[in-house]
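So the sequence lines, in the order shown, correspond to chains P and S. Read left to right, the first sequence gives residues 0 to 368 (numbering that gives the first Met the number 0). Read left to right, the second sequence gives residues 0 to 989 (numbering that gives the first Met the number 0).
Don't read these hints as lab results, they were simulated from the structure. Incorrect hints may have been included.
[Unchecked claim] Label-pair ranges, simulated between beta-carbon atoms:
1) S:Asn123 to P:Arg159: 26 to 32 Å
2) S:Ser866 to P:Ala361: 54 to 60 Å
3) S:Arg770 to P:Glu201: 51 to 57 Å
4) S:Asn686 to P:Arg159: 41 to 47 Å
[To be verified] Counterexamples of contact, computed for chain S against chain P with all Cβ distances above 12 Å:
5) Ser26
6) Val32
7) Glu103
8) Glu159
9) Thr163
10) Lys272
[What the hints assert, rightly or not] Pairs of lysine to any residue, SDA-like flavour, derived with a Cα cap of 20 Å:
11) P:Lys163 to P:Asp209
12) P:Lys163 to S:Lys491
13) P:Lys199 to S:Gly316
14) S:Lys523 to P:Trp212
15) P:Lys221 to P:Glu45
16) P:Lys71 to S:Thr195
17) S:Lys31 to P:Glu45
18) P:Lys199 to S:Lys491
19) S:Lys28 to P:Asp210
20) S:Lys31 to P:Arg202
21) S:Lys491 to S:Arg933
22) S:Lys34 to P:Trp212
23) S:Lys966 to S:Leu757
24) S:Lys676 to S:Gln883
25) S:Lys34 to P:Gln78
26) S:Lys28 to P:Asp211
27) S:Lys21 to P:Lys76
28) P:Lys199 to S:Gln883
29) P:Lys111 to P:Asp210
30) S:Lys985 to S:Arg933
31) S:Lys31 to P:Asp31
32) S:Lys80 to S:Thr195
33) S:Lys31 to P:Asp211
34) S:Lys21 to P:Arg202
35) P:Lys76 to S:Lys34
36) S:Lys28 to P:Gly69
37) S:Lys34 to P:Phe208
38) S:Lys28 to P:Asp47
39) S:Lys31 to P:Pro220
40) S:Lys122 to P:Gly69
Just so you know, even glycine gets a beta-carbon here, dropped at the ideal spot from N, CA and C.
What follows is the residue order along each chain.
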Amino acid sequence: MAPAQPQQVNLSPAELSFLRSTLAQSPPIRFDHTKGPKDFRSMRAEYDVLPGANGSARIALEDGTEALVGVKAEVEKSQWRPALEERGSLLSVVAGDMEMRDADDEEDAKGKGQNSWIEMSVEIPGFRDDDPLPVFLASMLTESLLASGELKDTLYINSRFHWKLYIDILLLSPPLSYPLALLSMTTHLALLTSRLPALKSERDEDPLFDDDWDAAVFLYPKNNGKASAETPQDKPPVIVLAMAVGPNIIFDPCMEELAVADAVLAVACANAPSSTAGARIVSIRTIDPPSHLTPPGVPNSMNSATGGTVPASSAETLTQRELLATSGVWTPPRGGMKRALISQVVKMVAEKGGVAEEVISALQTIEFG
Amino acid sequence: MEYFSLKRSNAADRGGHNLSSKVYVRSTKSGKVQKIVRELYLRKDIPCSSNLCRACLEIAPTDFGKKATPFVLSDTPAGSKDYPDGLYLVPDTNAFLSGMDLFEVETAFHDVIVLQTVLEEVKNRSLPLYHRLIALTKHEGKRFYVFFNEFRQETHVPRETGETINDRNDRAVRRAVQWYNEHITQAVKARSNKQTRIPTVVMITDDRDCLRKARAENIPSSTLADFVFGLENADELLDMMSAAQDQREVRSKKTELFYSEHYTISKMMTGVKAGILHQGIFNVSPYNYLEGSVHVPAFDKSLLVLGRENGNRAVSGDVVVVEILPQDQWKAPSTKIIEEETLNKNDNPEVEDGENIVSERERKALQEEVKRAHGQSSEGKPQPTARVVGIVKRNWRQYVGHIDRDSVRTTSKSTRQQQMVFLVPMDKRIPKIRIRTRQAGELLGQRILATIDSWDRDSRYPMGHFVRSLGELESKGAETEALLLEWDVQYKPFPKTVLDCLPAEGHDWKVPVSVDDPGWKGRKDLRDLLVCSIDPPGCVDIDDALHARKLPNGNFEVGVHIADVSHFVKPNNAMDKEASQRGTTVYLVDKRIDMLPMLLGTDLCSLKPYVERYAFSVLWEVTPDADIITSHFTKSVIRSREAFSYEQAQIRIDDVTQQDDLTEGMRTLLMLSKKLKQKRYDAGALNLASPEVKVQTESETSDPVDVQTKRLLDTNSLVEEFMLLANISVAAKNYEAFPQTALLRRHGAPPKTNFEELANQLKVKKGMELRTDTSKALADSLDTCVEPSEPFFNTLVRIMATRCMMSAEYFCAGTQAYPEFRHYGLASEIYTHFTSPIRRYADLEAHRQLAAAIDYEPLDASLHSKSKLEGVCKNINVRHRNAQMAGRASIEYYVGQALKGKDVTEDGFVMKVFSNGFVVFVPRFGIESLIRLRDLATPEPEAEFDAENYVLSVKGSVGRNVELFEKVRVRITDEVEGSTGKRKVKLTLV
């Protein structure tokens, strides 16, 4: 993953070193010392902010980063697919992403959705739309949405028509911290409150919709009230950002914390099919932390001004730095994440009462509140 | 952290509740589905418009002249028993839907507040009713006021969560009524302390739930029926309520269904798009009410719809969607006359228990049809049949008819008992309509206007309601109005807004004396030309005048001068709009319904003799062989020297003692016209015939005294030839100037299949050949269809050929390819109407285009717009046809009246043979009539029908054969037709 380009933290190597050591100690002391390792930054959220969109949400973090997401749906003609009789013979020819269909189960939308029915665009001030940051953010968000699978199937209208979903994500502020989690949560909230006009026509007719917006159905159908304990409501996935510093795992890192991360992990999770299981992981990605790009501190031993000797070659520099790694002089972290650490993160996210469940239910209360 | 919400409503809360929004889903034609959010800015300055209120007068918005629109509602509204202090009515949507005819009554229903909520709902439910409601709000005497309750802060009602739209709208109506009552009470108090008469604002609704809620909230309310009950002549008024609703309530327990359910709109549209279903207009055969046909774009020939079941509640004129039936159900079109009246005489409108949609007798009639169809080879090949599966658009209108005497249980005028009766429409293609009435006794023997309200699956006949009575059957007034209504002719006097567009000088208007006057700008002074007009006798709206003179080079200058109507009727003013609506002047035997106000039509525009008039002239230089050298168009001023009738002109031309220049000019015109005519025929123009008769009426009472066939003189064709020439020249010029938007007239070549039957008939009966490859071939072969012993035979064939043709139509140049412009009948590449702007709107548009083409004046924007012109064309095509039909119906009526009580024997010709009757045409009176087998003798004689040779051999006491084209002697008497109540001539074989 490419790093988030410009946002460099203006911290000196000494400050970075201090920050890292506080985060690495046990228990860690975070940049905002009132927070524990699992605590998220406080945020303000609201939904249905864009009256013209099918669904929308806006979340602002306390550091001033703010995102706005609008979801728009349009009816689109589906591409021609071979009729049932012909399909058997044609199946071998048709491209791979054509799913097998259950022939006698015509009305069931399961497995009929296509990836191209969801289109996402991420706009970040100061970036072109083909810059790596927005492109990667969009692809990660799309990936998690598609991975959970159910969303595209709900877009199926009949064999000739489907909804096309346009998710427009707008970061209103410069990307102070890596904005993936924020965008994901905002998208989650927007999708959760998105509605599609109610269908009135039947089966393969040209679709005809109820003109009453109040009759519109939720993209993620709500089950009424308390009965939800048995069959939890299907919800869009949400991405949680976790970072590792030494042995510690810290969730929702702020910009400064990211600057000293050993590794950053983006975990996308959706709510589990049954309420007992916590959450299920939809996708995981490692993210190249900005700490890799921080300038290293120069130890006295390598500084000619303080009586040290400047190493002759860069290889030598590296060797020397390796040796000095624990001395307290700031050295950008190198290498990836330990397997055990990853599984620990996954566990913390997915377990019952874990971070993912907490985030999802917190976003849910926004909508109900 | 300061946090501002982005939501609009929150921000608005701080500024007071003056903003609201409305959210709905809109599906566009292209299939897009959009969520629409409309913001509503609530105001406080929408007046209540009651003359009692002073406060509203102060806040009411003013126009640029600082004047508020005058208030509508009376300060002393009429009261009723329950509300003696007077009342303002606030009807809800259903009240308007079911009682629009009531609200239009002149004597009741004044001071009505039409809420915006209601108006919009009416618009969504029924566009025609909406237009009628809008017309009512413009009617000054009725005092209908549209109150924009959704925009007024106090009466705006936001929708609550979980509330249906209907409930919200009902609540909005109740809220508005409540506010009005409070407001009026305050207004009266503010006016004076002493006044105690405070009008009540009453909600009119038939919704039980809404009534209950209104009572709970203490809002005055009433059902429409209860309210009407308290009025005078309640009986008549109650009959005018739509039957659609109460019928549903009464019959809801019954589950027996006679018709299959209609498809949903989306299912039909999908089917039509996919080509499985077909959409078209449902037409019922005038000879057989059980046989309908639907012409669909996918096929050349129309699809047959046989029987009531397959018709599935479609009424002639509806736009329907049909499904083709399997081939084993295909049938030949019927050769039998089936009239509703004879088959279903004994139906009882009240009781419907045990009825079938296909009565036994109907079924038997159909079976015979099938047998016949299967036994036939050449002519009666089974044709595809179809079944109506849904109705896209009802084209129900108001129907004229009379009450079926047999359906009335008690004719006593004193009982006020409500009973169900049948209304038999004048138009035979329309089924009987069940109407509920309390005044059956009085309505018997009257011409009645009624509408259809609904046709449910469990009812064999449609339900309708009484609108008004036109008067006694057979009285001239009632019959004339009936036929105007049937053909949708606008016959009300011109409204004031139209008359305001007339020149202020009135009849004193004159062509300005000074040539410097702006009226003269761009006009040629042609006052020196010896112009004269030739028209039918008694013509007052003279559209055209002619002149001809010899040029020094031996050629002739010929001029056609057309009344310059476009000078007086400017585009898009009220008069223009009215004329565009009317489309054409309608000529009835004793009456003319003008397209333009009298002042213009018969005076200012009319090219009257001896006075100067503005004209639009077409001038040609023509060789003595009638070849056109140049043509020239100009606005002009002319002075007609004389207005001739055809006969006078003929006499003057024939009189050799007359040697003046004017007569010479006319002789030149006649000479040239003959050559032009020959050229036209050489090019393949058709000489068609239609049975034209003229009814002579007594001038005072306009009672018909005699019927004559029209005589054609040379001068008739003189005028005709030059008019055709002018039209063709103008068409070419307009098309050159406006290739996209020129208004033209085309006459499509008839499909070959149209002539198949006639050609076969001629071949079988007379051994003659009818070639129809081109119009020239047709014209030539028509010329050969002559029977030396019978001079009329040729005319008869021409009349029949005319009926095989398509009808000519107006169109906008950009909508067709050039080869499609062709006028088949006139064998002209391009054609338009230019010569009768006083009586045809198309000509007026052509004038405007020509004026722009010659740079006389700029073209109005409406004539640049293809879509607008298409709309105009569509309307005038319909109006044109209706006007012809109305004219014919009028002649038919007067012929009937002229023959009233007479008993004459005349020659007739058999035009069409059915298996149980035949049609005879009598040239002397221009009438054609059906003679049924059962008219020949009682009991109905047996007969054998040889469809291939078109012979009907009648057995029994009559014992004779009736053949197609046979000349027969018929006895003409008159009788009142039971089914339509029309006096019709009755023919019997002698």
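Here is how each hint holds up against the structure:
| no. | hint | in the structure |
| --- | --- | --- |
| 1 | S:Asn123 to P:Arg159: 26 to 32 Å | holds (28 Å) |
| 2 | S:Ser866 to P:Ala361: 54 to 60 Å | holds (56 Å) |
| 3 | S:Arg770 to P:Glu201: 51 to 57 Å | holds (53 Å) |
| 4 | S:Asn686 to P:Arg159: 41 to 47 Å | violated (55 Å) |
| 5 | Ser26 | violated (6 Å) |
| 6 | Val32 | violated (5 Å) |
| 7 | Glu103 | holds (30 Å) |
| 8 | Glu159 | violated (10 Å) |
| 9 | Thr163 | violated (8 Å) |
| 10 | Lys272 | violated (7 Å) |
| 11 | P:Lys163 to P:Asp209 | holds (18 Å) |
| 12 | P:Lys163 to S:Lys491 | violated (54 Å) |
| 13 | P:Lys199 to S:Gly316 | violated (28 Å) |
| 14 | S:Lys523 to P:Trp212 | violated (65 Å) |
| 15 | P:Lys221 to P:Glu45 | holds (18 Å) |
| 16 | P:Lys71 to S:Thr195 | violated (59 Å) |
| 17 | S:Lys31 to P:Glu45 | violated (28 Å) |
| 18 | P:Lys199 to S:Lys491 | violated (44 Å) |
| 19 | S:Lys28 to P:Asp210 | holds (14 Å) |
| 20 | S:Lys31 to P:Arg202 | holds (18 Å) |
| 21 | S:Lys491 to S:Arg933 | violated (43 Å) |
| 22 | S:Lys34 to P:Trp212 | holds (7 Å) |
| 23 | S:Lys966 to S:Leu757 | holds (17 Å) |
| 24 | S:Lys676 to S:Gln883 | violated (25 Å) |
| 25 | S:Lys34 to P:Gln78 | violated (25 Å) |
| 26 | S:Lys28 to P:Asp211 | holds (18 Å) |
| 27 | S:Lys21 to P:Lys76 | violated (29 Å) |
| 28 | P:Lys199 to S:Gln883 | violated (45 Å) |
| 29 | P:Lys111 to P:Asp210 | violated (26 Å) |
| 30 | S:Lys985 to S:Arg933 | holds (13 Å) |
| 31 | S:Lys31 to P:Asp31 | violated (50 Å) |
| 32 | S:Lys80 to S:Thr195 | holds (17 Å) |
| 33 | S:Lys31 to P:Asp211 | holds (16 Å) |
| 34 | S:Lys21 to P:Arg202 | violated (30 Å) |
| 35 | P:Lys76 to S:Lys34 | holds (19 Å) |
| 36 | S:Lys28 to P:Gly69 | violated (25 Å) |
| 37 | S:Lys34 to P:Phe208 | holds (11 Å) |
| 38 | S:Lys28 to P:Asp47 | violated (28 Å) |
| 39 | S:Lys31 to P:Pro220 | violated (23 Å) |
| 40 | S:Lys122 to P:Gly69 | violated (34 Å) |
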